[in-house]
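Protein chains in written order, with my numbering: chain E, 1 to 390; chain X, 1 to 140.
Worth double-checking, as some hints may not be accurate.
Lysine-lysine pairs mimicking DSSO-like chemistry, simulated, CA-CA at most 27 Å apart [stated by the list, open to error]:
| # | chain 1 | residue 1 | chain 2 | residue 2 |
| --- | --- | --- | --- | --- |
| 1 | X | Lys79 | X | Lys16 |
| 2 | X | Lys129 | E | Lys113 |
| 3 | E | Lys19 | E | Lys81 |
| 4 | X | Lys129 | E | Lys99 |
Note that these hints are calculated values from the structure, not bench results.
Below are the chains, spelled out letter by letter.
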Amino acid sequence: MIHLDAVLRADVRDAWLYKGVLLVWDRQNRAFVYSLDDIQAQILRDYGPEVAALANYCLWRNDWRTANSTQTLVSVPAIRKALRDLGASAGGTISVELKPQPLAIVGSLSTEKHLLDVQIYANRVYLATTEALFESYIKPEHPADERETWPLLEHRVADVEARHGAVFAAAEEDGLWLSTINFDEDAWRPVHQPERVGEEAHRLSWTHRSLLAYTSQPLPDLLRTQGHDVRPHGNARFTAFAIESVEQDTSLGDVVSSTLADRRARMPDDVPVALGNSNYRLLMAWQEDWQVIDLRAFSGQALKAKPDQGFNSTLQPPVPSNAVLQTYGVQSGFVVETFDSVHLITASGVQLLLNEQAARVRTYPDSVRHKDVVSVMTDDALHLLGHWNV
Amino acid sequence: MACEIVEVRNDMTEFKACTGSTYLSLNYHHGAPDRHKTKWALAREEECGVFCHAQEQDWDDGDENLWSIGQNGSLIYGKTQERMAFFDGSNASDTWHGFPVSGRSGTSNRRRPPQTIAQRWLNQGHINKATYERIVSGRL
Chain E
1 MIHLDAVLRA DVRDAWLYKG VLLVWDRQNR AFVYSLDDIQ AQILRDYGPE VAALANYCLW
61 RNDWRTANST QTLVSVPAIR KALRDLGASA GGTISVELKP QPLAIVGSLS TEKHLLDVQI
121 YANRVYLATT EALFESYIKP EHPADERETW PLLEHRVADV EARHGAVFAA AEEDGLWLST
181 INFDEDAWRP VHQPERVGEE AHRLSWTHRS LLAYTSQPLP DLLRTQGHDV RPHGNARFTA
241 FAIESVEQDT SLGDVVSSTL ADRRARMPDD VPVALGNSNY RLLMAWQEDW QVIDLRAFSG
301 QALKAKPDQG FNSTLQPPVP SNAVLQTYGV QSGFVVETFD SVHLITASGV QLLLNEQAAR
361 VRTYPDSVRH KDVVSVMTDD ALHLLGHWNV
Chain X
1 MACEIVEVRN DMTEFKACTG STYLSLNYHH GAPDRHKTKW ALAREEECGV FCHAQEQDWD
61 DGDENLWSIG QNGSLIYGKT QERMAFFDGS NASDTWHGFP VSGRSGTSNR RRPPQTIAQR
121 WLNQGHINKA TYERIVSGRL
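Given only the sequences and the hints, what does the whole structure look like? Please build it.
Okay, here's the thing in structure tokens:
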């Protein structure tokens with residue numbers, strides 16, 4: 001496996017990859033917009049075509065269309081050899097320094113509050129801060145354009161997730177909030193007041209169309225969504241599922257327990273803990289062992305689960321479970337953050353991504369192009385990390 | 001002046017802390033980890049020393065509580081990897097007790113240091129920016 005570490009030396013609080021741009025928020029919460037084409041051109045200029053090819057696939061375009069054509073190219077022995085030689089000569093990780101010039105600082109995507117989370121969905125930008133949740137807008141063709149910003153919720157919001165026409169805000173002990181999205185492109189301002197749909201939520205993650213809301217309990221709340229297929233806006237060619245409400249599925253604990261119990265005997269006072277999930281894969285810690293459970297939370301069907309054969313045959317915990325600060329989902333598995341390291345867990349095993357304290361880690365599991373990219377903000381840099389099994 | 005043991009009782013050890021305050025090391029914050037009370041991974045004298053350091057540095061949250069953290073969060077105070085400590089001074093006049101706190105997502109807001117304390121630690125150079133970000137976002 002070849003790893004690519006593209007480093008931008010800057011004071012970065014958060015970063016998003018979205019439709020050809022890199023959005024970076026500094027520690028004053030100002031939003032800088034960079035062109036990915038400009039960054040790629042610099043990599044090609046400074047590091048040559050092999051590294052540029054690696055960056056193009058690992059960081060900017062690991063969607064299925066590009067993946068198919070790229071994998072075909074890599075099946076050419078000379079190309080595969082060139083990439084393998086590149087990885088071998090760099091000891092497995094190729095590091096590049098990014099020196100981009102921002103297209104602009106966008107005021108409407110900046111905030112005066114301490115930014116805790118960002119979510120970009122359907123050109124809507126959600127800024128979760130220590131004091132409120134804001135909604136703004138970005139047009140990918142004109143990312144530097146200033147738009148309006150609206151307050152959506154006046155609470156500290158630790159995590160925000162948007163999908164299926166709905167935005168969920170985890171306001172910790174102030175509850176979980178749901179708001180439906182206004183898709184009117186001419187008047188995109190929020191029109192629906194958020195509704196409190198849960199008592200507590202510290203972190204959110206999707207599993208199929210359901211939402212896992214992580215609380216102070218060992219297992220998250222599983223929220224099954226209800227909605228209808230609708231045309232998001234008047235010009236839409238296709239219908240899409242739109243969430244209207246949620247209902248808690250209380251069977252998660254029993255389903256998880258019975259799935260784990262198939263493998264090992266339960267001990268008194270021994271509580272399985274969910275470390276996190278990557279879409280339908282739930283990473284469980286139990287008896288100092290880690291197991292991945294595949295959840296099947298399909299609409300109109302009872303929740304089911306089974307042990308994940310691919311992960312469980314190779315999974316070795318890189319650290320004790322109580323040393324895990326947070327986990328993050330990527331297409332190929334899980335990213336595990338500890339006090340002084342960041343690991344990638346795939347069905348192939350565990351890889352150390354970064355041996356450093358992370359100020360923040362961000363992944364893009366809902367993205368089309370960046371499903372396996374990991375962004376790590378450290379004390380003085382942004383690392384864009386990608387990998388490729390060549 | 002270091003912490004001095006005043007009395008060992010059935011449920012606590014009483015110290016005269018370095019600043020002259022009374023510090024109570026409570027038994028239920030020592031021993032095997034459980035889900036109800038966090039447990040010190042430090043000896044009782046070291047626990048009192050963490051309190052002393054917080055008091056000397058005046059890491060007061062303005063609500064009669066003190067908070068502490070090692071340089072860049074590098075010290076583990078609790079048996080389940082807690083890297084910060086909370087000292088409750090609101091119960092009685094100049095009598096304190098404390099316990100390790102995790103500061104992680106899922107921890108009650110009351111058991112996480114306010115942003116003003118984290119900012120003070122950052123301004124003093126006691127923690128780096130990464131640790132500050134982790135405290136504010138609940139990942140330490």
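Item to check | Proposed proximity, Lys99 of chain E with Lys129 of chain X (alpha carbon, max 27 Å) | outcome: Satisfied, since the Cα-Cα distance of roughly 22 Å is no more than 27 Å.
Checklist entry - Regarding the pair Lys129 of chain X and Lys113 of chain E, is the alpha-carbon distance no greater than 27 Å? => result At roughly 16 Å apart (the allowed maximum being 27 Å), Lys113 of chain E and Lys129 of chain X satisfy the hint.
Next on the checklist: For Lys19 of chain E and Lys81 of chain E, compute the direct alpha-carbon distance and say whether it is at most 27 Å.
Outcome noted: With Cα atoms ~31 Å apart, Lys19 of chain E and Lys81 of chain E exceed 27 Å; violated.
Next on the checklist: Hint check: Lys79 of chain X vs Lys16 of chain X, CA-CA at most 27 Å. Holds or violated?
Outcome noted: This hinted pair holds, its Cα atoms lying about 25 Å apart.
Checked against the numbered hints above, the structure violates only hint 3.
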